[in-house]
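J.: Residues per chain are reported as follows:
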Amino acid sequence: MGLNNQLTRTYRRFMMGDGVYLWLLLPLLAFVALIALYPLAFSFGISLFEYRLTDPNQTKTFVGLGNYLKAFADPSIQGSLQATFAFVISTVVVEIAFGLGLALLLSAENFVSQFIRSFLLLPMALPPLVIGLVWKALYNVDFGVIAYYAKLIGWDMGHGALATPGWALPAVVLVDVWEWTPLIMFIFLAGLKSLPTEPYEAARVDGASRWQSFIYLTLPLLRPTLLVALLLRTMQSFKAFDIIYATTAGGPGLETTVLNYQIYKVGLVFFDMGYASALANILLFIVGLLSVIYVMVLERQQL
Amino acid sequence: MQRQSRLEKSFLAILTVVVLLFFMIPLYWLLITSLKYGRDAFALPPQWAFFTPTLKNYTDALANSRSLMYIQNSLIITTGTTLLSLALGVPAGYAIARTRWRLLNSSSFFFLILLMVPPVATLIPFYLVMRDLHLLGTYWAVILLDTAFDASFVVWMMRSYFLDVPQEMEEAALVDGASHFTAFLQVALPLSIPGIISSALYCIIYSWNDFLFALMLTSPKTKTIPLGILASFSAVDISWGQMATLSVFAIIPAVIISLFLNRYFVQGLTMGASKG
Amino acid sequence: MKMKLRLAMWFSVLSVLSMVLASCAAPTPAVVVQTQVVVQTQMVPQVQTQVVEKTVVVPQVQTQVVQVTAPPQPTQVTKPYDGVQLSMASMTDQYIQAFRWLLPYFAQQTGIVISIDELGYVDLRQKLVADFVAHTAQYDLMTTDIVWSGEFAANKNTVDLTDLIARDKAEIQPDDILPVMWTEGEYQGRQFAFPLGGYANVLNYRKDLFEAAGLQPPTTQEEMLADAQKLTDAGKGVYGIALLGAGSAGAQDFMVFVQQHGGTILGADGKPKVNTPENVKTLEYFGSLFKYAPPGNADYWWDQRETAFKQGKVAMMEGWSISRNDYEDPNISQVVGKADITKAPVAQGMQPKYGFGGWGIAINADSDKKKQEAAWIFIKWLASPEVQKEWVLHRGPPLRTSTMQDPAIVKALPWMPKLLESFQNGDGNYRPRIPQYSIIEDALGTYVNSFLVGKDTAQSALDKAQAQIEKNWK
Chain A
0 MGLNNQLTRT YRRFMMGDGV YLWLLLPLLA FVALIALYPL AFSFGISLFE
50 YRLTDPNQTK TFVGLGNYLK AFADPSIQGS LQATFAFVIS TVVVEIAFGL
100 GLALLLSAEN FVSQFIRSFL LLPMALPPLV IGLVWKALYN VDFGVIAYYA
150 KLIGWDMGHG ALATPGWALP AVVLVDVWEW TPLIMFIFLA GLKSLPTEPY
200 EAARVDGASR WQSFIYLTLP LLRPTLLVAL LLRTMQSFKA FDIIYATTAG
250 GPGLETTVLN YQIYKVGLVF FDMGYASALA NILLFIVGLL SVIYVMVLER
300 QQL
Chain B
0 MQRQSRLEKS FLAILTVVVL LFFMIPLYWL LITSLKYGRD AFALPPQWAF
50 FTPTLKNYTD ALANSRSLMY IQNSLIITTG TTLLSLALGV PAGYAIARTR
100 WRLLNSSSFF FLILLMVPPV ATLIPFYLVM RDLHLLGTYW AVILLDTAFD
150 ASFVVWMMRS YFLDVPQEME EAALVDGASH FTAFLQVALP LSIPGIISSA
200 LYCIIYSWND FLFALMLTSP KTKTIPLGIL ASFSAVDISW GQMATLSVFA
250 IIPAVIISLF LNRYFVQGLT MGASKG
Chain C
0 MKMKLRLAMW FSVLSVLSMV LASCAAPTPA VVVQTQVVVQ TQMVPQVQTQ
50 VVEKTVVVPQ VQTQVVQVTA PPQPTQVTKP YDGVQLSMAS MTDQYIQAFR
100 WLLPYFAQQT GIVISIDELG YVDLRQKLVA DFVAHTAQYD LMTTDIVWSG
150 EFAANKNTVD LTDLIARDKA EIQPDDILPV MWTEGEYQGR QFAFPLGGYA
200 NVLNYRKDLF EAAGLQPPTT QEEMLADAQK LTDAGKGVYG IALLGAGSAG
250 AQDFMVFVQQ HGGTILGADG KPKVNTPENV KTLEYFGSLF KYAPPGNADY
300 WWDQRETAFK QGKVAMMEGW SISRNDYEDP NISQVVGKAD ITKAPVAQGM
350 QPKYGFGGWG IAINADSDKK KQEAAWIFIK WLASPEVQKE WVLHRGPPLR
400 TSTMQDPAIV KALPWMPKLL ESFQNGDGNY RPRIPQYSII EDALGTYVNS
450 FLVGKDTAQS ALDKAQAQIE KNWK
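Residue numbers (numbering that gives the first Met the number 0), protein chains in the order written: chain A, 0 to 302; chain B, 0 to 275; chain C, 0 to 473.
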């Protein structure tokens with residue numbers, strides 16, 4: 000044993016399969032390194048400086064962790080974090096539940112179900128900007144159709160869903176649900192299709208009700224699918240931007256200013272790059288932490 | 000499954016209708032608004048079916064030859080991004096799936112992190128780099144940045160997919176004397192075509208609808224459809240007709256996908272299901 | 000199974016290919032402006048025959064003639080900048096139609112070809128800043144909002160035109176240009192953008208509703224509040240007034256009312272002081288107007304306010320004069336022939352001053368010398384009295400006193416004399432044209448809205464806005 004063996008192993012690895020694998024992987028790694036590494040490094044680095052993009056002298060003053068401290072002390076950032084978590088949790092939970100329900104509802108292989116499923120690709124395919132603008136028009140309390148019909152059944156929507164504190168975030172969540180639930184539905188559909196049939200037959204023989212076989216068979220068997228859906232949707236939800244931009248522009252007040260939107264404001268409206276990068280890193284850290292948790296659960300699942 | 004009672008069946012039918020209405024009404028609204036005159040767009044009570052239709056919005060949008068330019072640019076950028084992402088991501092996904100080398104295996108997490116980064120953070124430095132390389136405003140600027148993210152996604156998808164593909168066929172080929180590379184090219188790749196198509200579909204949808212990167216990195220000549228839509232959203236008046244027209248164009252790939260390649264879209268999502 | 004797969008693949012490949020080919024086969028957009036106009040051989044300096052006898056501006060201006068004919072060959076006159084190509088970034092306000100109409104004539108007369116990129120408000124600012132910061136000179140000419148004057152000037156993004164204006168005085172006739180117009184682009188005594196034309200903040204009102212109620216349009220702010228109350232009939236779905244409530248729109252409307260109450264958001268030292276007692280009172284007054292506005296007004300941006308008026312839901316609406324024409328367009332308006340404008344009311348006893356805004360046209364400091372000179376030629380051409388007449392008739396905002404008094408123009412656009420009066424007493428500074436303007440606007444936008452939806456009192460809203468401004472001040 001020892002060094003000689005190690006070398007032989009590496010040599011073998013290289014010359015046999017793993018060498019090819021390295022070459023197959025290399026183009027992408029090199030590409031990403033070239034394209035993304037500098038921006039990422041810049042973003043990490045510049046967060047330690049005070050730097051305004053529009054400054055004609057382009058001065059960069061080193062402030063160490065100043066930007067991060069400023070972020071933690073800033074009440075609007077705390078509000079942003081609250082809004083972000085509220086948004087992400089609501090969208091993910093609702094979409095997963097709704098998506099699973101839809102998948103079960105439309106899992107039949109008849110013509111009607113297939114037809115409906117095809118249509119459900121469309122919400123995802125529209126540019127999110129358009130989706131936001133359409134929903135904004137629908138929500139408009141003076142000219143929109145939602146308020147009109149609400150009034151007919153006696154529900155006065157006041158200033159309108161998007162302008163009423165406490166209602167704005169749920170309203171935006173609804174828009175996101177509209178856009179992305181079909182994706183979750185498709186994910187669960189795929190999962191459902193790959194479920195084995197024997198356990199269900201056995202359960203029927205044993206006299207289990209449909210509800211029971213759902214709870215005790217379907218749900219556990221769908222765990223891997225569920226985790227994939229969770230991971231995907233959570234990551235995307237943290238990055239939500241277009242919808243908020245188009246419907247509320249962060250309002251009323253600061254209620255729908257999720258962290259990603261705040262980063263946009265600070266970075267592309269005020270051009271305060273140092274602070275924006277610090278906020279971006281904070282967001283990245285949060286998402287990263289959550290993803291690690293998901294993946295650890297997932298890995299455990301595979302064993 | 001046990002039979003459903005008639006009550007249950009009708010309940011489910013109603014539920015289906017409600018769900019369908021929920022998803023279709025905004026789309027229908029957009030469509031009919033594009034066919035209405037500006038003065039009727041917000042008339043109350045809402046006119047769902049009986050209104051004075053007009054094709055004026057469409058003729059206006061098409062007469063402005065920019066619309067065709069937007070479509071052309073979107074096509075070029077999306078095709079470029081998809082092809083490049085696939086070319087880079089598929090082999091990488093295969094490599095990560097098959098290798099037993101821990102180092103290569105765990106590089107997949109690096110790509111995952113890339114997917115988590117808020118896009119704004121990478122945009123400005125990338126913008127400055129592109130400026131220095133004189134690539135600003137070219138198709139390449141958008142294609143390169145989009146690919147960095149899309150390819151990471153492709154890697155993840157293809158990795159899961161290849162983990163699902165049984166290795167026996169490749170091993171048989173190896174036994175027959177083929178190299179690993181040939182095994183990849185001639186055995187694994189053809190088996191994974193549905194997965195590749197699904198990855199391609201994801202790339203297409205994400206880059207087709209991107210607006211932030213396109214906003215910062217394009218020149219007036221390389222503007223894409225989402226930017227064209229943004230331009231119809233001026234401070235004074237939203238030109239719904241124009242926006243709806245462009246949205247209809249924007250939605251065409253999805254319509255094609257849904258009608259013909261529905262199956263692969265679904266399948267693409269399967270891979271994560273069993274192996275993660 | 001395999002067959003279907005192959006078919007599907009081929010179909011998608013073919014459709015993608017055909018789309019690409021189709022779009023390639025389409026005529027590549029010429030560098031020349033995208034408008035379709037039938038070009039005449041000589042620009043007619045007099046009023047065009049599009050003007051009809053009524054006050055309705057014929058919608059012909061908006062629809063396009065689909066023909067594309069190339070401008071005739073240049074004449075023998077030497078054109079020193081012949082062949083120069085410029086790119087211009089323009090806001091998609093109404094005047095874009097005037098640009099589309101005029102640019103071919105300019106190309107024909109000087110050989111300078113300008114291609115125009117049409118952008119919305121937010122993306123215009125971002126593209127301009129990105130262009131300036133990276134020194135890429137993607138745009139040689141740009142329309143700049145009056146409030147950006149300080150920002151671009153301080154960062155030396157646009158060319159200082161002061162000396163050029165002095166040099167070419169005879170050509171420009173600056174005395175004919177109303178003094179207030181120069182605020183579009185002025186900073187610390189020097190001119191960094193040339194005025195494109197003015198927007199007066201006016202009061203649009205429904206003369207039919209006022210007549211029916213036996214009222215005259217209000218001349219003071221107090222009267223306006225009273226009139227709004229009298230004209231509100233929630234049962235019928237008609238309200239007294241429409242305002243702006245959200246984001247930067249809300250901020251700007253608040254600043255308008257500050258101006259109309261004789262206040263200011265700047266302190267004596269030139270730094271912002273938004274939470275003075277007078278401003279708090281003004282914000283409360285602003286809030287009281289909302290009682291007579293449509294329920295959703297707290298969320299209105301500019302387009303929704305316009306919709307409210309165009310759909311006939313409100314009796315009054317303050318707004319920029321440039322939109323006046325829109326209400327006469329039967330394609331988009333339900334109140335054709337029922338609207339009129341009057342000077343925006345100021346508080347009782349106040350010396351009348353009217354809100355002024357608009358756009359300037361600037362030259363990119365990073366463009367190369369020749370392009371800058373060609374750009375300057377365009378600006379002078381555009382500002383010349385003959386071209387101005389065409390400009391105004393095609394929805395451009397007015398610039399010159401002579402244009403606004405021209406009988407043919409007044410005939411076509413009868414509200415010009417009222418605008419003239421507004422301009423003569425115009426105040427272009429009620430929104431501070433300082434480099435840090437965006438910080439002020441953002442803070443006010445957030446907290447004015449917060450007040451309107453009931454989350455804050457007027458005092459706390461302005462206090463918070465002031466705190467945020469001070470925190471972000473650079």
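No lab work stands behind these hints: they were computed from the structure. A couple of the hints might just be wrong.
Here are the computed distance ranges between Cβ atoms for each label pair [what the hints assert, rightly or not]:
no., chain 1, residue 1, chain 2, residue 2, range
1, C, Pro-79, B, Asp-131, 30 to 38 Å
2, A, Ala-40, B, Ser-105, 19 to 27 Å
3, B, Gln-46, C, Gln-125, 30 to 38 Å
4, C, Gly-234, A, Leu-218, 47 to 55 Å
5, C, Pro-351, B, Gln-46, 38 to 46 Å
6, C, Lys-270, B, Trp-47, 50 to 58 Å
7, B, Leu-14, A, Lys-192, 20 to 28 Å
8, C, Pro-351, A, Gly-63, 21 to 29 Å
9, C, Gly-453, A, Ala-85, 16 to 24 Å
10, B, Ile-192, A, Glu-108, 17 to 25 Å
11, C, Pro-79, A, Pro-55, 26 to 34 Å
Partial list, computed: chain C residues near chain B (C-beta under 10 Å) [unchecked claim]:
no., residue
12, Ile-115
13, Leu-118
14, Ser-332
Glycine included, every Cβ here is placed at the ideal spot set by N, Cα and C.
J.: Mind listing which of the numbered hints don't hold for this structure, in increasing order?
T.: 8
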